[in-house]
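> If you want the building blocks of each chain, they are given just below.
Number of protein chains: 4
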Amino acid sequence: MHAIGIDIGGTKIAAALVDELGTIIRSDRRPTTASDPRGIEDAVVEMITDLSEGEEVVAAGIAAAGFIDAAQSTVYYGPNVNWRHEPLRATLEARLEMPILIENDANAAGWAEFTFGAGRGYSDMVTLTIGTGVGGAIVANSRLFRGGFGCAAELGHLRVVPGGRLCGCGAHGCIEQYGSGRALLRIATEMADAGGIGLGLAAARERKGKLTGKEVGRLIQEGDNGALAALRQLGGSLGQACSSLAAVLDPQIFVFGGGVAAAGELLLEPIRAAYLENLPARGFHPEAEFAIAQLVNDAGVVGAADLARKHVLAQ
Amino acid sequence: MHAIGIDIGGTKIAAALVDELGTIIRSDRRPTTASDPRGIEDAVVEMITDLSEGEEVVAAGIAAAGFIDAAQSTVYYGPNVNWRHEPLRATLEARLEMPILIENDANAAGWAEFTFGAGRGYSDMVTLTIGTGVGGAIVANSRLFRGGFGCAAELGHLRVVPGGRLCGCGAHGCIEQYGSGRALLRIATEMADAGGIGLGLAAARERKGKLTGKEVGRLIQEGDNGALAALRQLGGSLGQACSSLAAVLDPQIFVFGGGVAAAGELLLEPIRAAYLENLPARGFHPEAEFAIAQLVNDAGVVGAADLARKHVLAQ
Amino acid sequence: MHAIGIDIGGTKIAAALVDELGTIIRSDRRPTTASDPRGIEDAVVEMITDLSEGEEVVAAGIAAAGFIDAAQSTVYYGPNVNWRHEPLRATLEARLEMPILIENDANAAGWAEFTFGAGRGYSDMVTLTIGTGVGGAIVANSRLFRGGFGCAAELGHLRVVPGGRLCGCGAHGCIEQYGSGRALLRIATEMADAGGIGLGLAAARERKGKLTGKEVGRLIQEGDNGALAALRQLGGSLGQACSSLAAVLDPQIFVFGGGVAAAGELLLEPIRAAYLENLPARGFHPEAEFAIAQLVNDAGVVGAADLARKHVLAQ
Amino acid sequence: MHAIGIDIGGTKIAAALVDELGTIIRSDRRPTTASDPRGIEDAVVEMITDLSEGEEVVAAGIAAAGFIDAAQSTVYYGPNVNWRHEPLRATLEARLEMPILIENDANAAGWAEFTFGAGRGYSDMVTLTIGTGVGGAIVANSRLFRGGFGCAAELGHLRVVPGGRLCGCGAHGCIEQYGSGRALLRIATEMADAGGIGLGLAAARERKGKLTGKEVGRLIQEGDNGALAALRQLGGSLGQACSSLAAVLDPQIFVFGGGVAAAGELLLEPIRAAYLENLPARGFHPEAEFAIAQLVNDAGVVGAADLARKHVLAQ
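Chains as they are written, first to last, in the UniProt record's numbering: chain B, 1 to 315; chain W, 1 to 315; chain E, 1 to 315; chain G, 1 to 315.
Excised from the complex, chain B in its bound form:
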């Protein structure tokens, strides 16, 4: 029994027909018309109709950034598309005659990772997606943790510095401002300005006009000391957040996804070190494992499809 997963991102809408083992049978992709919510709905309806053709599809899961209500019907607020209390599930079910489930995109990706990726074999997992921002997902006792209002696992907004940097959420000092891809670029730029160990970064900046995530990633792979120092600073902040998350959530494993996670063990090492340095009751508290996500690009659609299928089957 197949299900369809849709992932509405800031620039593109990805869609896939997914089987029970998380394998993608067929997929589709369209640009996101962020300022035209109706256009996005039309695109989603068309993609689901196309992918369903000639298939037995039990449900479709829609992953989107933002706050989704606990009933998984309404988008309270979406940062990419201008949705405010949008009853997306009702709108789509009226047009599609198929069970629809709305899910936060980081939750969907985390679920895919738990079910088919680095989280297999565990019951309690925390995923941190290090993209432009920091997304989070929590799996507890083998279930996705959604919270009382559906807004749990906004892990990028754990505060790590009181009165720290202004965050897009309006608060100050969120880990997103110290541990995201955007933060890595900021740290790298500061290093370029400082000279010394940052001279490689400064040279790259001069070549390209400005530093980009791609350039910093390339320098990390090449072993540039400035870029590695920036990555270690990022990892240190993330590891400190993990020690707080361990006190609250006590996962068996932390899984890191998103573009920055391509740095692999170079990223995990400083995270692990800072986690251990700050772990409450170290020595008594069992220590979590740390891993890189395995389903990089497809996690959103695979997770959304799987959650939708399991939701329908559980009824």
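No lab work stands behind these hints, which were simulated from the structure alone.
There could be a bad hint or two in this list.
As the list claims (entries may be wrong) - Here are the simulated DSS-like cross-link-like pairs (lysine-lysine), alpha carbons at most 27 Å apart as the crow flies: (1) K210(B) x K210(E); (2) K208(W) x K12(W); (3) K310(G) x K210(W); (4) K12(B) x K214(B); (5) K208(B) x K12(B).
With chain B held as given, fit chains W, E and G onto it using these hints.
Here is chains W, E and G on its own, set in the frame of chain B:
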């Protein structure tokens, strides 16, 4: 069907026979022989035997401070009694022929509050017990949240100040150092030293030889401005922690127990203000409620009994 | 007995014939020729001559930004017009044969507010004018407080952050950098850059090319969460300054004027909260009231006229 | 026409019969029975009766630490004597048949300094009394500035460091915590702990068991580099506060009294330097003078007497 709850504290062991509605039928109490773990076991066995006499008892739940394993059998580490990887469940079941469940004491108290107290009618609750330290319990989707190793909800060890005060857990800047009864006493003592608004505190200290939690509590009730200022500072720190916990756990309600919670609305007011001031995505994020715990002294035994009964019935 | 009030602003010169009750009989307005001080003098002389025609006018008060000497004769320094130790009073009296008084513009506006607006019925008032910068006026024991050199009540330059943001006055950390309309625009722009809760601000910026005070004000009125968060941050800084001003000046009421004060209670609420949180000897110190100014656009001319009339009558 | 001045301090009550030129004719002194407010009243009544014998006395002024209401009748709150909303004026007038005026002690001392000491010849003065704490007095336009509730000029509670040291007033970061005699002792002790330049302080501490204000004062006089460094740090903080006070109050002169002011020019020099470094609109803003108080021990009684006499004569 009755169950027995036991709460092994630092100074006394409380025991009670509890019915399905959380009502205590009979209770017992003995001093804790902290340096003699065998003596504690003997006391627990005797109390359970006494309370069971002539009753149909389905199970006994043992609440104790410390880390309990996910299988609820073993005390990894107890701060009050010198247990290290102690197989308490097996030891007691061998002597009692009754199903035994070991539970963290803050979890037991939180569960009682959720089931019979301020948490009734909600599905997602966070409890912070403001006693000497800061204990925590998380109820998510109407289940107690225990974490992958059984050590979740150690909410007192959420870090709020990087490089802050050294905590008993070996880490720095835990909320326990800014939001506990011990912290209240420290802040009040600093105010007494500073004179001025702290003169009422200083006078109480002179009368009694040193400030105690009881004295500070009395001054708060009397409206002493210094004691109220200390309480507001405490509440501000707790409210900041709540805004981070909202991002991670998204509870519908925060419930505050422990001795300091006797301050009631005087404590809740600064907590609520700091929570709102620091809430990520304020305006978009649904706002939690804040309440004082209702089952003050009996929460541990009632919760331990109820969890043990439900565990047995669920099998 | 009427008096004339003139308010020389950065872009326009406002003039009015004002009666004893603060009512404007007739008014006039011309553009400010900032680079041509003689042209400004000519305009002022003409406006006074026109407004006096057929009226019994006892005096004229000239309000201007900058430092005015204690004798109210000389502009030490004006930020809008290029005056340096300008003997404006003597120059004008030579051409007009009417008593002339020079007054700082924030003082004039504060006096109008005290006499005819939100300050009526009080004896001690502090006014903070939240425009592009932060202006101040102090009324103590029902008299305008000018200081030993005529430069008192430069309340925008109370330092709130040691080593903080560079201010236009050459010092660092002045409240003007955290509590002015310009600061609101900076905070709002940072929120727009940060995305998330700032998306409404970012969208407005994209529509208009850049954020303006008017746009931010509109978003505040519409309840945009990012704009409200920026306003709350501004209010928090202002409230902290008010608690210091209470220790020094102990006013019965703080009155907020200027463009940002159009936000009304939305501005006053975070100000009041931060004032109380930081008030020295809270509980013992009587608490001030907080209000929005009532004479928004005319305060400068009305106050300048009233001060000039009362100065002449007191002789 | 003579008047009597009384200064109720933390350890002693000073009383004096004072003539119109501020000369003390006769004086008296008794210990303060801080825990027995009635005993203090009795002592004040006796001292006034004794000093009045055979003299024509127009009034008595009582100086006491704390908040005095605007009508100068009631002590809202006294840090030394346990007065709370004490109607001291009515109580004393009922027993003495003489006009009584209650005044804040720092205000009384500041007034004496203005009338008979370092403030003569000025119209606008700020006094900072650097004793155990930091007291303040403001004279504006040759009148004592009392504020809307009688609690103005609490200059020790101007905040200089946001989130800084806890103050006796319950707030954080007040200048009293950085610029008082107690602060000097703390800084000196930190220097002693640090070794190096603080070795002289450390040696003095070892000789005496602990550092005292007297020892630090002696080392300052002897030119010990560590003690001078501590004094400079103190003066730097005070000078920063003066630059903020200049923006608000714009005095012609700052006068420093209290025990620490015995350091004279050694104290004034760093104050002046920090004032200039932080003065808003330096170059445009007229610069205040800085002086040491002249009436060290008698300022309280002389000022209280003079204020009482002038109050009676003004009626």
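> None of the hints should be skipped; say for each whether it holds.
Evaluated hints:
no. : hint              : in the structure
1   : K210(B) x K210(E) : holds, 23 Å
2   : K208(W) x K12(W)  : holds, 25 Å
3   : K310(G) x K210(W) : violated, 47 Å
4   : K12(B) x K214(B)  : holds, 19 Å
5   : K208(B) x K12(B)  : holds, 26 Å
Of the numbered hints stated above, the single one contradicted by the structure is hint 3.
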